[in-house]
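2 protein chains.
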Amino acid sequence: MHPTKTPAEIDTLINCRWLLPIMPESQIYENFSLAVHQQRIVDVCSQSEAKGRYTPTTEYHLNDHLIMPGLVNCHLHAAMSLLRGYADDIPLKSWLEKHIWPLEKRLVNSDFVRDGTRLAIAEMIKSGTTCFADMYFHPETSAEVVRDCGIRSQIGFPVFDLASAAGQTAESQIHRGLQLHDTFKDHALIKIACAPHATYSVSNKTLTTLATYANELDLPVHIHAHETAREILQSTHQHGQRPLQLLHDIGLLLPQTQLVHMTQVDDGDIRLLQDHKSQVIHCPQSNLKLASGFCPLAKLLDMGVNMALGTDGAASNNDLDLFSELQTAALLAKGISGNAAAMPAHKALRMATLDGAKALGWQAEIGSLEIGKYADAIAIKMNTIQQQPLYNIASQLLYTNSGSRVTHSWVAGKALLKDSKLQSLNESSLIHSAQQWRSKIVPDQFPAGQ
Amino acid sequence: MHPTKTPAEIDTLINCRWLLPIMPESQIYENFSLAVHQQRIVDVCSQSEAKGRYTPTTEYHLNDHLIMPGLVNCHLHAAMSLLRGYADDIPLKSWLEKHIWPLEKRLVNSDFVRDGTRLAIAEMIKSGTTCFADMYFHPETSAEVVRDCGIRSQIGFPVFDLASAAGQTAESQIHRGLQLHDTFKDHALIKIACAPHATYSVSNKTLTTLATYANELDLPVHIHAHETAREILQSTHQHGQRPLQLLHDIGLLLPQTQLVHMTQVDDGDIRLLQDHKSQVIHCPQSNLKLASGFCPLAKLLDMGVNMALGTDGAASNNDLDLFSELQTAALLAKGISGNAAAMPAHKALRMATLDGAKALGWQAEIGSLEIGKYADAIAIKMNTIQQQPLYNIASQLLYTNSGSRVTHSWVAGKALLKDSKLQSLNESSLIHSAQQWRSKIVPDQFPAGQ
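Residue numbers (our numbering), protein chains in the order written: chain A, 18 to 467; chain B, 18 to 467.
Bear in mind the hints are in silico, worked out from the structure with no lab data behind them.
Hints may be right or wrong, so weigh each one.
As the list makes no split between identical chains, a pair holds if one copy fits it or if it spans any two.
Calculated cross-link-like contacts (lysine-lysine; reagent style BS3-like; alpha-carbon spacing at most 30 Å) [to be verified]:
| no. | residue 1 | residue 2 |
| --- | --- | --- |
| 1 | Lys435 | Lys398 |
| 2 | Lys316 | Lys122 |
| 3 | Lys398 | Lys457 |
| 4 | Lys316 | Lys115 |
Construct all of the structure, not just a fragment, from the sequences and the given hints.
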C-alpha cells in the first residue's frame with residue numbers, strides 16, 4: 018500500500034483542504050489526499066505523502082473543499098419527484114387515498130418511472146447523496162436507470178395487496194422482484210430488496226411468503242412501519258397487536274429489516290428492535306409535513322438501535338436534499354429530547370453516512386473513507402461567506418445548508434459530478450422532461466398553490 | 018399612475034416570470050413587472066402593460082425568476098455571526114454563562130460589532146432578507162454599518178443590569194440609546210428600539226424606566242421572553258408571576274412590544290397577548306438547537322396573535338437564512354399541532370414578510386409589493402432541477418431551500434444584490450476579516466469540532 022521508492026500508478030488522486038473520514042470517529046484531517054484505484058480507496062494520507070507515493074491518471078486539487086463519504090439516503094420513492102408539491106398540506110391518509118394513489122393508478126408507467134428516477138438521481142447527486150434506497154413501481158426500470166447513471170442503490174421491489182398502481186397480484190410482484198434480484202445479484206452498485214408497503218396494505222399471508230424468501234435469500238426487507246398513531250390503532254383493532262409485533266410473529270423482524278418512520282415507539286417496540294437488531298429509517302421532514310408524529314431519535318440511539326436517515330419521496334418533502342434532512346433530524350432530536358447536547362455534529366454526520374450504509378447492509382463497502390472501501394465520496398466548498406468564520410467544521414456542515422455547496426461526487430471512483438456539473442445525466446433535458454410531465458398531469462393548472 | 022399616452026420616466030422596471038405580492042393574499046402573477054420610482058413601488062402590472070407605460074432608467078429581465086417582498090428577520094444579534102459555531106451542543110444557560118458572555122466581555126468592541134454586523138448583513142442579503150431587527154452591543158456602530166450597506170433595520174439598543182459585555186450601568190445604556198433614537202428619527206431605513214435583554218437580566222426598576230420612554234416616545238420594545246421553562250420557574254419563584262405578567266404590570270406589554278421566543282405559553286399568556294396586541298417573534302431553529310422548548314405557532318396564529326420570524330444570532334443557529342428558518346417553522350407547526358393543514362405555504366410566506374413588517378411597526382411601508390410601499394424586493398431563480406416540476410410555486414419556495422437561489426435584492430429601490438453579487442459590500446474582504454477574528458478568538462484551535 019505504501020511504496021517507498023517508485024510511485025504507484027493509480028486511477029485518481031483527490032487532494033483537499035479537509036478530509037472527514039467518519040471512521041476513525043470525529044476526526045478531520047487537513048491538507049489530505051484520497052487515493053483511488055480500481056473503484057476502491059487505496060490510501061488516505063497527507064498531500065505531501067501522496068505526492069511521493071502516487072502517479073495518478075486523474076488528479077483533483079480541491080483546496081477550498083472538504084471531502085467526506087457520500088451521503089446515504091435510506092428511504093425515498095425516487096420517481097415521485099415528478100409529483101413534487103403536487104398535493105401539499107394534507108394528512109397522510111387522505112394524501113395517499115385521495116390524491117397520490119388515484120393519480121398513480123392513472124399515470125404511472127415505465128416512462129414515468131424512468132424520467133422521475135433520473136430527475137431524483139440528478140437532484141441527489143447535486144446535493145451529496147451517492148447511495149439511496151428506493152421503493153417504487155417498475156423496479157426493473159429504476160434498476161436500469163441506476164445502472165446507467167452510475168449511482169449506488171438498493172432497489173426495493175414493491176409488494177401491495179390493497180389497490181395500488183401495481184395493478185398486479187402480490188404473487189406476481191414477488192415473482193418479478195425475485196427475478197430482478199437474480200439479475201442484479203453480482204452487480205457492485207445495485208442491491209435488490211423486497212419492499213412490502215406496510216402491514217395495513219399487505220396481507221399476513223403475503224408477508225409470510227416474503228418472510229420465507231427474506232430468510233432464505235438474506236434479502237433486505239424495506240417497509241413503512243409505525244408511521245402514524247392511526248396505523249397502530251388500526252393494527253391493534255384488526256390483529257390485536259402493533260405492527261412491529263405482527264412483523265415479529267410473521268418472521269419478518271430481521272437484522273436486515275429496514276423499518277421506515279417509527280414515529281410511534283413504546284418500550285415493547287424498543288425491546289423488539291434491540292432483540293432483533295432491526296434497522297430504523299428516520300424521515301423527519303416527511304413526518305413533520307404530514308403531521309405523522311415524532312420518531313424519538315435520541316432515545317432510540319441511546320438504546321443502541323441503528324438509526325439511518327431518509328428524505329422520503331419529493332412528493333412529501335419537497336426535496337431530496339439529505340443535508341437539509343440531517344439538519345432537521347439533529348435539531349428535532351435536541352428539541353424532542355430536551356437535551357441540547359443530543360446529536361452532536363459528528364454523530365449526526367455518521368448517521369447520514371456509515372449508519373445509513375449499515376442499515377442497507379453495505380457498511381463493509383461504503384459509508385466511510387477507509388482503505389479497501391469503495392470510493393463513494395463528495396466534495397463540499399467550505400469558503401463561502403455563510404460558513405465564516407470556521408470554528409467547527411462538523412457543525413457548519415450540519416447546520417448551514419451544505420447540500421447547495423456540493424461540487425463533486427464520485428461513486429466507486431467514477432465522477433458523477435465535477436465543478437457542480439452532472440457527468441452522467443443531462444440537466445436541461447431532465448428539466449424539459451419534468452415540465453412535459455407537469456403539462457400532462459395538470460394541463461390547465463397555473464402553479465400558484467392554494 | 019397609469020398614463021395612457023406618454024410613457025412615464027421611472028428609475029427601475031423589474032420584469033419577471035412570476036410575482037408574489039403577498040397582498041393581495043395567496044396570489045401569484047405571471048409575466049409581471051414591478052415599476053419603481055424614487056424608492057417606492059409605483060406600479061405592479063403585466064409586462065405588456067408596463068412596456069407602454071414606462072421608460073425606465075434601469076430595466077431587469079428576470080424571466081426565470083420570481084419576485085417577492087424581501088424577507089424580514091425579526092430577531093438576531095448580527096455581530097455574533099463572528100461566533101458562528103463557536104460553542105455548539107450546549108443548553109442555553111451554560112451556553113450564555115460559560116461560553117458566550119465571558120467571551121463577549123473579553124472581546125466585544127466597536128471593531129467586532131462593525132465586522133460582525135457587515136458579515137451578517139452580507140449573508141442576509143444573499144439569502145433574501147432585506148430588513149432585520151438587531152439586538153447587540155455598540156448599537157451606534159451597527160446603525161452606521163446598516164446606513165452604509167443600504168439594508169433596512171430596527172436597531173435595538175441593549176439594556177442589561179446583570180454582568181455583560183456592556184460594562185455600563187443601565188442608565189448609561191438607556192441614555193446612549195435615546196441619543197441614537199434621536200439621531201436616526203428621520204432616517205427612512207433605520208428605526209431605533211429599546212432592547213432590554215430579558216426579565217431575568219434587567220431589574221424591575223430599569224424596566225419601569227423603559228416603560229415610561231416606550232410609552233412617551235412610541236419606542237418599540239424588543240425583549241427575550243419565555244425562552245425556557247427555567248425562566249418561567251425563576252420568575253415565578255422570584256416575582257410570584259410569569260415574565261409576561263410582570264411586563265404587563267410594569268407597563269411594558271404594548272402593541273409595539275416584540276416578545277422573542279415564547280416557547281412557554283399558557284392560557285393566561287395568550288389572553289395577555291390578545292388584550293395588548295403584542296408581537297411574538299418565533300425562532301424555531303434556535304429553540305430546537307438549544308433545546309429551549311416549542312413555541313405553539315399554529316395555536317397562537319389561531320388565537321389572532323401576530324407571529325413573526327427570526328433566525329436568532331448565528332452563534333445559535335448557525336446561519337441567518339430566513340428561508341431555512343421558515344421551512345423549519347412551517348414543518349414544526351404541522352408536527353406540533355398534529356395538523357398537516359396548519360401553516361399552508363402562502364400563510365408561511367406572509368409570516369416571513371408582511372407579518373414581520375407588522376411586528377416591527379413597518380407594515381405601512383414594506384412587507385408586500387403594493388403601490389406606494391418602499392421597493393424592498395428580492396428575485397429568486399425558479400428554474401433549477403431541484404424545483405422541477407413546478408406545480409405549486411408557494412410550496413416550492415417554502416420547502417426547497419430558496420435562500421440559496423436568491424439572485425437579486427433591492428431595498429427602497431436600490432440594488433444590494435445583482436446576479437448573486439453584493440453591491441454595497443466586498444465579499445472577499447469580509448471573508449478575510451472573519452478569518453482574522455477567528456485567529457484572534459481561538460489562536461490555536463483546529464476547526465474540527467468535538
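* Asked: What are the numbers of the hints the structure violates, in ascending order?
  -> Going through the list in order, the structure violates hint 2 alone and respects the others.
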